[in-house]
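Given the coordinates of chain A, work out where chain B with the ligands should sit on it, guided by the hints.
Chains as they are written, first to last, in the working numbering: chain A, 1 to 60; chain B, 1 to 425.
Honestly, I wouldn't trust all of these hints.
[As the list claims (entries may be wrong)] Pairs of lysine-lysine residues, derived as DSSO-like cross-links and limited to a Cα-Cα distance of at most 27 Å, are as follows:
#	chain 1	residue 1	chain 2	residue 2
1	B	K258	B	K243
2	B	K243	A	K8
3	A	K8	B	K157
4	A	K8	B	K241
5	A	K8	B	K131
6	B	K56	A	K8
7	B	K399	B	K356
[Stated by the list, open to error] To spell it out: a stretch of chain B is covered by chain A in this simulated footprint if at least three of its residues, at any positions, have a beta carbon under 8 Å from a beta carbon of chain A; those stretches are:
#	region
8	186–195
9	243–256
10	366–377
[Claimed, not checked] The calculated label-pair distances, taken between Cβ atoms and stated as ranges, are:
#	chain 1	residue 1	chain 2	residue 2	range
11	A	P7	B	D330	45 to 51 Å
12	B	V404	A	P7	50 to 56 Å
13	B	A124	A	R31	32 to 38 Å
Calculated from the structure, these hints are not laboratory results. Bear in mind the structure is a predicted one, so any value in this text is a computation, not a measurement. Think of the CB as a built atom: it goes at the ideal place given N, C-alpha and C, for glycine as much as any other residue.
Each chain is listed here by its residues.
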Amino acid sequence: MVVTVNPKVCVYCAGCVGLCPVESIELRETRLTILDSCTDCGICVKFCPVEALSGGRPLD
Amino acid sequence: MTSVGGNGQKRFDIEKTVDVVIVGGGPGGALAAREFARGGVKTLVVDRRQEIGAPKRCAEGISNDGLLESGVQPHPAWTSGRITGAVLYSPSGKIVTVDDETAVGWVVERKVFEKHLGKDAIEAGAQYMVKTHIDQVLMDGARAVGVTGDFMGKSVKINAKLVVGADGIDSLIGRKAGLRGSVQKMRDFHSAAQYEMAGVKCDMTRLHLYFGGDVAPLGYVWIFPKAAGLANVGVGILTSKSKHGHRAIDYLDRFIAKHPEMFEKASPLEVNASGIPVSAGIRRFWGDGLMLVGDAAQQVNPIHGGGISLAMRAGVIAGQVGSKAIKEGDVSAERLSEYGRVWDEVHGKELARLYKFRMFMEELTDKDMERMADLVTIDVIVDLTYARFRSFAKLMLTKMPTMVPLLAKYLMAPGKKFEMEALEA
Ligand SMILES: Cc1cc2nc3c(=O)[nH]c(=O)nc-3n(C[C@H](O)[C@H](O)[C@H](O)COP(=O)(O)OP(=O)(O)OC[C@H]3O[C@@H](n4cnc5c(N)ncnc54)[C@H](O)[C@@H]3O)c2cc1C
Ligand code: SF4
Ligand code: SF4
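So here's chain A without its partners, still in its complex pose:
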């Protein structure tokens, strides 16, 4: 399942960027972009403190 960010929820904290093993998340000030290189590993989704991310391999 493709990972997507809900910009209405994201508080641009950069935590997901730090966890992504393949540098597939870019944060520009307040705008978060998931790049095509995302492997859907689900790590960022599991981390997001406010659940702004969805999709990816379920890790729960």
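Chain B with the ligands only, in chain A's frame:
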């Protein structure tokens, strides 16, 4: 815009050449900048934020010693709450009050604080560029020789003898320069959410920390009081415990709903979130022409997640070692390893021991914590914050012997039988 010149080389709208470029103007970057500038080298700080200090991703607590250690005097412009101690709450609500000199400190107004640190650096001779996003490290073989990025639509190239990554939890500098360990691991990363609230009713002179599997699995809830009625109320949980319905923000909302005595009239003025590295630091945080400072090197206390004072201290050491190295004309990894050695002595080894204590704590049940809340004294808690385990071990041996196997597993030097001497420190 970047254009390609006749010789095939990219041309940049803005090109600068300095001795050291510091990516990130948080507490780590600002103190590094002050120290490099004092060391007499040409220093430039670049930060992607358009406003230094905002948004904050922090509960803003710092001990007075933590400020003084890096040569920063508390200033009324950014000290908000004055703290004289801490109160710890067990899962069932048992209270342990820790009033000790080491707990004296401040809850700062971080947006103002970071600007003041920047001002100090600029007054020492450093320059700043804000709203400048860095996306590449320029390498000459294995050596970092600058960075590229953009500033308000203009391409930027900065040539430097030394690149310092003070770029926080999502350090791009560490990754691009190939320092292994720069990527955060779920196992060693807390997921945190916080409201800065007004109208909170609690003892405003102490930090309040709440523990328990239902409150914050493998983490804690905090209330850090600021000036009258304002407080940072937040929670950190280990990322591996985060799941739908149990995200950091869910724990926070539940805690607030459960405590009307404190929050009935309170409302948030800010929502903050982020991640906290609790790995005790990456092993190798320097390279040829490269140093990492603060969260970028995961230099954070793995027990309580405090990283402001550590980032500042690391910045100071990096600035002192790095400016000398630049002047000597040798910025090799070998020369810069002095930073690693000094760091290890000043804080690194202590953090490594605290990491073991974190592992120990993670195995405790709520029941264990209840029992400990009955037993621990202020002295024991203060010892623990300095990674001195002896008094705690003694207490466990005499009063809670069921803990001995866990103590032996995590806090003893490897391969030694359980005896006091084997306890590290
Ligand atoms: C919720 C929460 C609560 C916390 N509470 C406390 C507390 O009470 N006390 C405490 O001591 N610590 C606390 N911490 C930890 C503390 O905030 C950090 O350890 C500290 O900010 C580290 O400082 P730093 O300078 O290393 O990094 P940061 O403060 O994160 O600064 C990094 C800077 O680099 C910039 N940057 C990043 N990437 C780029 C790029 N590509 N290009 C340009 N610029 C870039 C960023 O904009 C930022 O300004 C908390 C953390 C969280 C998440
Ligand atoms: S972790 Fe969540 S809130 Fe933080 S930047 Fe990523 S998507 Fe946004
Ligand atoms: S799912 Fe994995 S690869 Fe994709 S953005 Fe998230 S962390 Fe990166």
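Outcome of the hint check:
no., hint, in the structure
1, K258(B) / K243(B), "21 Å, holds"
2, K243(B) / K8(A), "20 Å, holds"
3, K8(A) / K157(B), "34 Å, violated"
4, K8(A) / K241(B), "24 Å, holds"
5, K8(A) / K131(B), "23 Å, holds"
6, K56(B) / K8(A), "19 Å, holds"
7, K399(B) / K356(B), "22 Å, holds"
8, 186–195, "holds (count 5)"
9, 243–256, "holds (count 5)"
10, 366–377, "violated (count 0)"
11, P7(A) / D330(B): 45 to 51 Å, "47 Å, holds"
12, V404(B) / P7(A): 50 to 56 Å, "52 Å, holds"
13, A124(B) / R31(A): 32 to 38 Å, "34 Å, holds"
Hints 3 and 10, counting from the list given before, are not met by this structure.
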